[in-house]
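Engineer: Listed here are the chains, written in short residue letters.
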Amino acid sequence: MTFIIASLIKIVIVFAVFMTTLAYLQWVERKVLAHIQSRTGPLRVGPHGLMQPLADVCKLLTKEDLLPPYVNRFFYLLAPFIAVCLALISISIIPFGPEITVFGTRTDMQISDVNVGILFILAIGAVSVYGVALAGWSSNNKYSLLGGLRSSAQMISYELPFTLVIVSPLLLANQLSFRGIADSQAGYYLGFIPRWNIFQMPFPQIFGFIIFMIAGFAETNRVPFDLPEAENELVAGFHTEYSSMKFACFFMSEYANMVTITCVATLLFLGAWHPLFPAPYSNWVPSLVFLLAAILCFYQLTSPSPRRLDRITFPIFGLVALVLAGIWAIPQFQFILVPIWWFVSKVGLLLFTYIWVRGTLPRFRYDQLMHFAWTFLFPCALINLLLTALLVAIF
Amino acid sequence: MIDTVLFIICAIVAVVCGFNLVLQKHPISSALSLIGVMSSLAVLYLLLGAEFIAMTQMIVYGGAVMVLFVFVIMLLNAGSEKASSKSWFAQIAGVPLLLAFVGILAFLIRGVLPPLGTVAFGSWVGGTAEHVGQLLFTTYLLPFEIISVLILIAILGAVVLARKEID
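Heads up: the protein sequence lines correspond to chains A and B, in order. In this text, residue positions in the first sequence follow our numbering: the first is 1, and each later residue adds one. In this text, residue positions in the second sequence follow our numbering: the first is 1001, and each later residue adds one.
Heads up, a few of these hints could be off.
What the hints assert, rightly or not - Pairs of lysine to any residue, SDA-like flavour, derived with a Cα cap of 20 Å:
id	chain 1	residue 1	chain 2	residue 2
1	A	K142	B	A1078
2	A	K142	B	L1076
3	A	K142	B	F1007
4	A	K59	A	L43
5	B	K1025	A	V71
6	A	K63	A	S282
7	B	K1025	A	K63
8	A	K142	B	T1139
9	A	K59	A	G46
Quick caveat, the hints were computed from the structure, so don't treat them as lab data. The model shown is predicted, which means the values in this text are computed figures rather than measured ones.
Required output: the full structure, derived from the provided sequences and hints.
Structural biologist: See below:
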């Protein structure tokens, strides 16, 4: 009984946080892209455009839901459903923190611990091609079809380096479950170098991490590999014919895939929730970061700002940061909150990298994309795997 | 309890998808039905405790193989099949012959194969990656290596054929 109640609570928390993240990730992306391009981004709805995601959701929900007469109706309706379901399912096996005891109940900070976790992620990734491919085919539109074809070809090609590079951290951890992989990265060399897989002896997985991230860009159809929806060639690619909530489903699945890939990268390479410094010091890092943010907010008040609204918003943001610093400083809560903070900050950093790359790099040409996968990324992943296997076997 | 419910649901889905695979006119519909069969088989493996096999089933059959099928169908843009007029022999003898074939098959399976005993959900352990790996590299090492070489030969053959096409 306690198991069911604990699971229900965890599912509700994870679902709420995940959905909010998906909505606000889009706000963050627009803001970061805007600032990269010297614009301001969304600013009208709420302070600094913070209510923009809510407005977008309302807009998408109330828009007219068009069903073009020339589409293959069953598959046209099935495709966004497949895409969004498969994208949202993966979060259920991602662990966010260590095993904890709350009110006398021992529970994992994870919805379910599957002992073939990493294979589950690969299986979901392999099947999620169908969402995009079917959407492209059933739309009965040459641009959509081209988008769908490109997407399938791209995902088949990049799945090879993606899968090969995942094997190396598995060799180091000797496990398939995410919890086991995360636990194998606890501890420090010489008392200060964390045993994350990118620093792990005998063969640090830095190259593996880079290859994983590049293949991850391609697997999630993000710039510079966003050929399935290349706007200036294919209108909008595979989702040209979709409107309203069906379009929102594809949009949501893209962001959900991004979050999943960054979570997996954190778990496999960046030491999951294990902090950068040994325990007694690292517990205070979150509080310090929030305190710094609060000081920065209040410092902004001393210089005259061109916007009058900032007089109100900066103290509010400062106060929020102060309260957060206070919460993370309470020793009774630290065993839950500190690991989550480290995990979320690593994932956030990787997500920022995704957005940063989108703002910086141009799109690949299609033949370059294929050449890059087969003649560069695949051999690199293979060499990385062989070296790791050799060194693990020797030591 | 939940095992039985899941088994019944997945078994029904597998059988319905199997029939649908043959009955559908359009190649894409057939391919998707096949994916349905593969996925429900994966769930059945999972119910029996073979989690590694279940996930491999999804990755290899549900993912890689069927994505290639769908890709080729989409690339060739194959349309619906047209029903050819059946011959008088097929119209008369088709159903009885099919029933006879299934009957003989069932009789042979019951008579020739040794009794397998009953299956209980969740009672079997040995489906983890460790167990499968150990078996592959001890008991079944030779078949495993022979299959690897066979697949390598197939890949080389594909490469040779593809090169000829370009020249």
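Engineer: Of the numbered hints stated earlier in the document, which are not met by this structure?
Structural biologist: 3, 6, 7 and 8
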